[in-house]
Amino acid sequence: MTLTAILIVASALFGIGLFGALSQKSFVMLMMGLELMLNGTLLAAVGFWAFTLEGAPEGQLLAILIMAVMAVELAIGFALVVAVYRKRQADVIEALGTLKE
Amino acid sequence: MTDIAFYFLSAIAIWSGWRVFRVDSMIRATFALMVSFICVGAIALLMSADYIGVATVFMMAVEMMVMGLFMVMFMMNPAGLNPMQMVHQYRLSIGAGIVAFIGLTVAVLTTDLPHNPLPAGRDTMRDLGINLLGNSMLIFETAGVTLLATMLGAVILSSRRGRFGVSDEGAIPPGLHPGGTPAGRKVEEGGGHGGHGGHGGHGGHDKMTDEKDDGQGTGHMGHEMADADPALSAGHTGHGGHTTGANPEGADPKKPKQEPAPDPHEGHGTKPKKEH
Amino acid sequence: MTLWLLPLLPILSGVIISVMGDRSRGWLGGLAVAVLGGTFALALAAVTQDWTAYLIWSDALRLTASLTPISAAVALMVPAIALAVVLHATQHEQARGLGRLIGIMILFTGGMELVVVADDLLTLLIGWELIGACSWALISHKWRDIENPRSGLYAFVMTRLGDLGLFAAAMALYSATGSFDYAGIATLEGTFQWIVAFGILLSAASKAGQVPFSPWLFRAMAGPSSVSALLHAATLVAAGAYIIARLEPSLSLAPGFSVAAISIGLITALAGGVTGVLQNHAKRLLAASTSAQLGFMFVAVGAGYPGIAVLHLIVHATFKAPLFLSAGLAGGAAGSYRLDKMMLGQSLPIVGGLTAIAAVGLAGMPPAGGGWSKEEIIKAVEHTGYWLPIAVMLGGALSAAYTTRFLLLAFSWRGDDERSIEVPGMMETIGLGILAALTLTTSLLWYPPLAEALAALLDMTLPKGSPLMLGLSLAFVAAGVLGGVYLVRRHPTLGTSGATAAASDWLGLPKLITIAVVRPLDALARTTAWIDDTLIDAGPRGVAFMGRKGAAFIAEVDNRVVDQGIRNTAAFGDWLAQVSDRFGETISDGIPDGSARLTGMLGRDIRRLQTGLSHHYYAYIIGGVIAVIAILAAGA
Chain R
24 MTLTAILIVA SALFGIGLFG ALSQKSFVML MMGLELMLNG TLLAAVGFWA FTLEGAPEGQ
84 LLAILIMAVM AVELAIGFAL VVAVYRKRQA DVIEALGTLK E
Chain F
2 MTDIAFYFLS AIAIWSGWRV FRVDSMIRAT FALMVSFICV GAIALLMSAD YIGVATVFMM
62 AVEMMVMGLF MVMFMMNPAG LNPMQMVHQY RLSIGAGIVA FIGLTVAVLT TDLPHNPLPA
122 GRDTMRDLGI NLLGNSMLIF ETAGVTLLAT MLGAVILSSR RGRFGVSDEG AIPPGLHPGG
182 TPAGRKVEEG GGHGGHGGHG GHGGHDKMTD EKDDGQGTGH MGHEMADADP ALSAGHTGHG
242 GHTTGANPEG ADPKKPKQEP APDPHEGHGT KPKKEH
Chain D
57 MTLWLLPLLP ILSGVIISVM GDRSRGWLGG LAVAVLGGTF ALALAAVTQD WTAYLIWSDA
117 LRLTASLTPI SAAVALMVPA IALAVVLHAT QHEQARGLGR LIGIMILFTG GMELVVVADD
177 LLTLLIGWEL IGACSWALIS HKWRDIENPR SGLYAFVMTR LGDLGLFAAA MALYSATGSF
237 DYAGIATLEG TFQWIVAFGI LLSAASKAGQ VPFSPWLFRA MAGPSSVSAL LHAATLVAAG
297 AYIIARLEPS LSLAPGFSVA AISIGLITAL AGGVTGVLQN HAKRLLAAST SAQLGFMFVA
357 VGAGYPGIAV LHLIVHATFK APLFLSAGLA GGAAGSYRLD KMMLGQSLPI VGGLTAIAAV
417 GLAGMPPAGG GWSKEEIIKA VEHTGYWLPI AVMLGGALSA AYTTRFLLLA FSWRGDDERS
477 IEVPGMMETI GLGILAALTL TTSLLWYPPL AEALAALLDM TLPKGSPLML GLSLAFVAAG
537 VLGGVYLVRR HPTLGTSGAT AAASDWLGLP KLITIAVVRP LDALARTTAW IDDTLIDAGP
597 RGVAFMGRKG AAFIAEVDNR VVDQGIRNTA AFGDWLAQVS DRFGETISDG IPDGSARLTG
657 MLGRDIRRLQ TGLSHHYYAY IIGGVIAVIA ILAAGA
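Protein chains in written order, with my numbering: chain R, 24 to 124; chain F, 2 to 277; chain D, 57 to 692.
Bear in mind the hints are in silico, worked out from the structure with no lab data behind them.
Take the hints with a grain of salt, since some may be wrong.
[What the hints assert, rightly or not] Simulated restraints on C-beta separations:
| id | chain 1 | residue 1 | chain 2 | residue 2 | range |
| --- | --- | --- | --- | --- | --- |
| 1 | D | M657 | F | V107 | 50 to 58 Å |
| 2 | D | I685 | F | L139 | 45 to 53 Å |
| 3 | F | V107 | D | F639 | 48 to 56 Å |
| 4 | F | V107 | D | D637 | 56 to 64 Å |
| 5 | D | M657 | F | R23 | 36 to 44 Å |
| 6 | F | V107 | D | Q666 | 52 to 60 Å |
[Stated by the list, open to error] Here's a subset of chain F near chain R, in silico, CB distances under 7 Å, partners left out:
| id | residue |
| --- | --- |
| 7 | D4 |
| 8 | F9 |
| 9 | S11 |
| 10 | W19 |
| 11 | A43 |
| 12 | V88 |
| 13 | L114 |
| 14 | D128 |
| 15 | T143 |
| 16 | A155 |
| 17 | L158 |
| 18 | P179 |
[Stated by the list, open to error] What the simulated footprint calls covered on chain R by chain D, stretch by stretch (three residues with Cβ under 8 Å from a Cβ of chain D suffice, anywhere in the stretch; the number is not a length):
| id | region |
| --- | --- |
| 19 | 62-73 |
| 20 | 104-116 |
Fair warning: this is a prediction, and the values are worked out from it, not measured in the lab.
A virtual CB, placed ideally from N, CA and C, is assigned to each residue, including glycine.
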């Protein structure tokens, strides 16, 4: 369990999450992809804290902040999805073509 | 021992992460994501980040529930009974993912990572608690305020009652003068102009409009809202025809309301779009 | 006081008067009298007080003036005669151009005075040239008739030819002695002496109208009669005789000079006498007589008695001037100068009477002073033998003959005269009268003590002669008078036609001159002019020709090459403009257009990115992030 391995795992998760965020049509799947990315980030943050910070609590604080970000993003994202669906009956990204206007 | 656990957990995390996007069923995707998160939380536990690990597990559990709910709400195929591939720019995404992974890995492998390991026997939770309520109180407070704002925003955004009316009926602000066009940009095609992929209903839409036009001279594009209501109704009839023509299902909860009343806002957003 | 005043007064006055223009006769007359009277007074003062003058012209040249007894006498005579003649001229001559006439006559008087007072050859030359120029101007006075300027030019050229002698003499004198003083002449030897002596003799002979220079005096008669009276009787022609008389002591040292002078004088006297007898033109008759009388003076000089010559000069002036004036009056009254037509005795009795007084002197008859001086001349040549006095006596007889002829033809009585003759007024005859009076006074010279006194005054000796000669000459004179009367009675029209007419023109001398001198010189002049035009000018002409050719060539080259070059440059500029117009326009329009279009296309393409689809935007973001990380990684 070296830092390198952790970081590799984290980057793998990040890569998968990126793939998902870019490839999914549905809003919800998109959100899941974003979650995965943040998951990888969280892992990387914890790994850095464990191996380079000598246990300074600021590392854990960072991880908590990342979780907070996850929560915020999820909340706002789904709120927007609901609003968009209400407005335009859109549940896929393509439906929001008018964003270009 | 911990290494084995770590490798095992990380393998599961990665595999389940990948499965998120490969399964047909949405619920299964959700659960796969949850598994991935739990593994990550377990790894954190292994690294003596107790609080982080446990908090992750808790949070993700609830999160996935919420996500499952939304999945059921908004997705066409929540159970995955029809194996549809709902992806776009597939190759680009794969490429981007692989590039990101490789890039980060290379970065990790090439950098000289400092090695200041966590001293054994440290009570990390205690440290975290003291720090949270001591040195980093401001950060935490700010995060708390941010979460509050998020909650408020989410509630407002998803509220049914809009500022100008019920959002189900298309909350549109009133016009500048009574009965006139509301301010703001008009969208030519209400909610229907996708960039690529099966939007077969476009042509039908156009045709419908032309057929149903009662010689008002103006296409469906920019019909003036300043005309008298009969014109409106005619135009809107056209739109209504569109909906009739384009909707084989015919199941439109909004439809009965459109025909009789010359709502000025009918031409816009209330067309059900069953196409995707 | 300086002696220069004596010539300067008339010279300056003459110039001023001549340019003042025509004024009234009385005004001009008064002015003339004043100027010439002043000149006479100055001369008197100069003579009595023995003035001299000099002017330093430069290191080498020095003008001097002084009065010897001879020159004093002539200096007194000139303004006196001039006064009378000019006074007559103001009254008698044509009013047109009168101011110029009077002015130049007075100017001439000044020149003559300069000749008289000169003490060196340079001053003499200056005066000599001045009187020559005045003579030309005065002969050509009525220039509107083309013959008058031609006569003036003839006279001028002929006398100028003689002046070459004076120039040669002056140059020889200067090169021999280093100065122009008369005193140096006596010191000359050899060639220089010969050049000086004969040069002066030559110019004196030409000025005095001696043979072979006589025809000019005839041509000079074209001038007004006053001019003839003053210049060509009394003074200008006398200058020739004067100068050899003045310089005789020095000139006679040259071997052959005396003989030459006597020869010239004698030939002229005889030829002039014959011409005068045959002449029918009143003024020409008198001109011939002038030459003859001057010949007598030359004889006297050659004989060694310059004082006698000067005395004769003075006396001759006193009677010749009034004769010319009367000839002018008669010619004016009769309408022409033809003697056979005149016969004005009844119409112009006073003029005739005065003329008679003068004529006696010309004839050389005893009561007149002219006769006395002629006798002195004969006495002067007595010592050389018999033939010379006989010849002089013959000359005297001839002069008596033509004088008689003149007087009788011009002023004889004609009872049946119905012509309306305008009698000249008192003012016109007053000049004549003054001169006649002067002539009468000269007859006092017959009084021996007076003559002796005069001779002593003039610092000369009178020649001694035998009474035989005197009687012989008187006989000759009587014969001449009778001959003249005979000619008048029997052959009044003598000299109007036939052989006598031809002979009356100086026995054909002018014709000889024309054939022998004028024509060859003309031919020579034409030849030299031709040579100059064709040969000598060929060089410059050739150069000019080459220059023209060269200029034409250069112009051609300029047209072809240079202008072509310019045209080509212009064409090139045109082509360049066209090319730049097409090409340049395309470029300069194309670049902005093209870049605008490019930008538009670029914009359109970029706008395609704006799909409005979120996943596209995510992709862009990821791409951007990767790019940034790559850059940073590369930088690291």
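Taking the hints in turn, this is what the structure says about them:
Between M657/D and V107/F the CB atoms are about 37 Å apart, so this pair departs from the stated range of 50 to 58 Å. Between I685/D and L139/F the CB atoms are about 31 Å apart, so this pair departs from the stated range of 45 to 53 Å. Look at V107/F against F639/D: about 54 Å separates their beta carbons, and that is inside 48 to 56 Å. As the Cβ distance of V107/F to D637/D is approximately 60 Å, the hint placing it in 56 to 64 Å holds.
As the Cβ distance of M657/D to R23/F is approximately 40 Å, the hint placing it in 36 to 44 Å holds. A hinted range of 52 to 60 Å for the beta carbons of V107/F and Q666/D is inconsistent with their spacing of about 33 Å. Interface hint at D4/F: satisfied, since its Cβ lies 5 Å from the closest Cβ of chain R, which is below the 7 Å cut-off. A least Cβ separation of about 11 Å between F9/F and chain R goes past the 7 Å threshold, and the interface hint is therefore violated.
Restraint check, S11/F versus chain R: the minimum CB separation of about 4 Å is within 7 Å; hint holds. Annotation: interface hint on W19/F holds; nearest CB of chain R at approximately 5 Å, less than 7 Å. For A43/F, the interface hint is violated, the least distance from its beta-carbon to any beta-carbon of chain R being 11 Å, above 7 Å. Annotation: V88/F was flagged as interfacial toward chain R, and the flag holds, the nearest CB pair being 4 Å apart, inside 7 Å.
Proximity of L114/F to chain R holds as hinted, the smallest CB-CB distance being about 5 Å (cut-off 7 Å). For D128/F, the shortest C-beta to C-beta distance to chain R is roughly 4 Å, which falls under 7 Å, so the interface hint holds. Nearest Cβ of chain R to the Cβ of T143/F: about 10 Å, over the 7 Å cut. The hint is violated. Of the supplied interface hints, the one on A155/F holds, with its beta-carbon coming within about 4 Å of a beta-carbon of chain R, less than 7 Å.
At a threshold of 7 Å, the smallest CB-CB gap from L158/F to chain R is about 4 Å, leaving the interface hint in force. Checking P179/F against chain R: minimum C-beta separation of about 24 Å lies over 7 Å; hint violated. Counting residues of the region 62-73 of chain R whose CB lies closer than 8 Å to any CB of chain D gives 0, so the stated coverage by that chain is violated, three being the minimum. Look at the region 104-116 of chain R against chain D: 1 of its residues bring a Cβ nearer than 8 Å to a Cβ of that chain, fewer than three, so the hint is violated.
Consistency with the previously given hints fails for numbers 1, 2, 6, 8, 11, 15, 18, 19, 20, ordered from lowest to highest.
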